[in-house]
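The opening position of the sequence shown corresponds to residue 7 in our numbering, with each subsequent residue numbered one higher.
Note that these hints are calculated values from the structure, not bench results. A few of these clues could be false.
[Claimed, not checked] No more than 30 Å apart at the CA atoms, straight line, and that leaves these computed lysine-lysine pairs for DSS-like:
| hint | residue 1 | residue 2 |
| --- | --- | --- |
| 1 | 76 | 322 |
| 2 | 131 | 146 |
| 3 | 146 | 122 |
[As the list claims (entries may be wrong)] Quick list of simulated restraints, FRET-style, between CB atoms:
| hint | residue 1 | residue 2 | range |
| --- | --- | --- | --- |
| 4 | 202 | 126 | 17 to 27 Å |
| 5 | 236 | 309 | 26 to 36 Å |
| 6 | 553 | 198 | 31 to 41 Å |
Quick reminder that beta carbons are idealized off the backbone N, C-alpha and C, glycines included.
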Amino acid sequence: MRYSWRMGFLCTQLSWTSVVWAVLLCASMPAAAREPAEPPLLSPAFTEAIAHGVADGAYASVAVGVIDGKRSNTFYFGRRGDAQSKPADDASLFELGAVTEVFTGILLAQAAVEGKLRLADPVEKFLPERFPFADARLGKITLAQLASQHSVLPGQPANLFPDDLDDPYAGYAGEDLLALLAFQRGAGEAAEAAYSYSILDAGLLGHLLGRVYRAAYAQALTDKVLVPLDLRHVSFADDPDLLSGHAHGAIVPHWHYGVLAGAAGLRASLPDMLAFLQHNLTPENSPLRAALLLARQPRAAGPADQIGFGWNVREKIDGATTWPLVWRASRTAGFASFIGFRTDRQRAIVLLGNSSEDVAALGIAWLGDDAPPSVAHAANATADNRLDEYPGLYQIAAGSEAVVRVAANALSLQLPGEFPRRLRPADKDVFITDSSAFGVTFMRGIGAVNGLVLHAGGTNVSATRLSTRAPRLARAPITIPTATRVAAAGDYRLDDANWLRIAPSAQGLTLQWTQGERRSIFAYAADRFTDAEGTLDLRLVRGADGRVAKLRLELAGTTREAMPLR
C-alpha cells in the first residue's frame, strides 16, 4: 500500500496525457470531418491596399461592394471629408461620372425592346424636320454609334462657354446642343468612324432618348430603368448625402452636366450599385432582362476592349476557357468609380471613391483574381507654392515661347496660338490644367525657377526661362460706338474644336473660348481690342458690306483667324 500514492499520481498523469493526445489527434484529422472556412470576400491584400491609399491621402473615402456567388457584402474605408468627419455609409452618395453611360445604354436598349426605335436609326430622325446641319454627315450618325463611342463628334462641345469653370457643363442647354449640331463641321463619314471618346456621344443620346419618350432624359431614365430595377438611390439630384469630391488633397465642387447628363450626371449609393450589378449577374430574374443582355453585347472595337452600350467587354483567358469581363470606370473632377462583373463565376464588384484617384485597376484585379496594384501616394495640392516664383517667358523652341502669368491668385499658361489655360496646384512646383489635359512641372536651378516641362499624352517638352516678366504692351482704352460692339458680338469658329464668343457687357465686351474663362476686352484703336493682361490682340476684319468678315488674333506670338458662325 505504500506505493498507492505513486500509482495514483501516475494514473492521473496518464489520464491528462491521453486527453492532450486526443485533442492533438482531432486537430490533425482530415478536413473532410469539418466545414472549410470560406475565404473573405475582400482579401487582406485588397483591404490593406485600399487602407494604405486612405492613409497616404490618395483616397478620401472608398466604398466597396462585392458579390461572390450567393455571398455579398459592403466595406467602407476612410471618412467623408477630413479626418474629423464620420465614415461613409450605406446612405452616402457618390458621383458616378461616365458610369452613367451604362444606364443611358440600357435605356437605349429598352427603347429598342419596346419597338420605339431601331439601333441603326440615324440622329436626324429624332431632330426637328429638315434640321440645318452644316455637315449633313452628322445626321447620319446612328444611335448605336453614339452608344458605343463610334461617332464623328468632337471630344467636347466647341460651344461650351461656361459661367463657372469649376462646373463647366452646368449651363449647357438643349438649344446649345442643337446649335452645335447646326454649325459643327469637319466630320468624317459616320459609317467609317473609329473609337474616339466624346462626352457628346452619350450626352446627345440621352437627349434624343428623352425626345423618344416625350420627357426629359432624367424622367425617362427614372421611369424606364431606375424604378423597374428598384434603384431608389440613383438620381441626378444634389442630395444632402452626396459626399464632397476631392482632387490632389483639396475639396472640389460637384459637377452638373445640363443637357449632357446622359454622359456623366448620375449620383448613387453603394447598396444600389451592388443591386444593379446583381441584376446584371442574374438578368433572368430582372424585369429588364432583354435590355440588360442587349446593352452588354459587344458592338465595336475600342482601344483595348470591345465596346457595348456604355460597357467595356474584355476577353480574359482562364485556363482553357475565355470569359468576358464586363466593366466601366470613370474619373471626374473629384470622384472615381468602377463597376464590373463576370457571369462565369457570378462575381461583381463596385468601387466608389470621393477623390479623383483611379480605382479601376483595383476592380479589374479583383475580378481577375490578381494581386491588387499599389496605390500612388497622393500629391499635395496645398504644397508651399509661391505663385510669384513662376511668371515669365519660357522658350520652347527657336521663335516659339510660352507665357506664364499670375493674376487673381491664380497661375495661367499660354502656349503659342492658344488662349491662356488656368493651372491648378498638384504638388510642389507641379500644376495641371482644369481638364487635366496636360501638366506642368517647374524646374529649379540654384533655388530659382529656370525652366519648365510640359507633360501631355505621354510626351514631355522642356522650355527654358528667358525672363521673369510676361511680355505686355501698354494699351490705353478708348470709347467705341455702340454699333461696333453690336457688330463684334457673336460666335466665331477658330477651328473645328474651338469656337469663340464675343458678348456685350456692362463694361463693354467680353471674349470667351471653348471651355475657357470669360474675360473683358477693351478697344485701344478702331476695331482693335486687347485685355488687361495682354494675352491677346484682336482685330475686326470687315467685308465690303461693313460687317465683320473675320477676327484676326495675335496669341503668344502666333496669328490666327476666326470666322463668324452665321
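Evaluated hints:
no. : hint                  : result
1   : 76 / 322              : 23 Å, holds
2   : 131 / 146             : 9 Å, holds
3   : 146 / 122             : 18 Å, holds
4   : 202 / 126: 17 to 27 Å : 20 Å, holds
5   : 236 / 309: 26 to 36 Å : 35 Å, holds
6   : 553 / 198: 31 to 41 Å : 37 Å, holds
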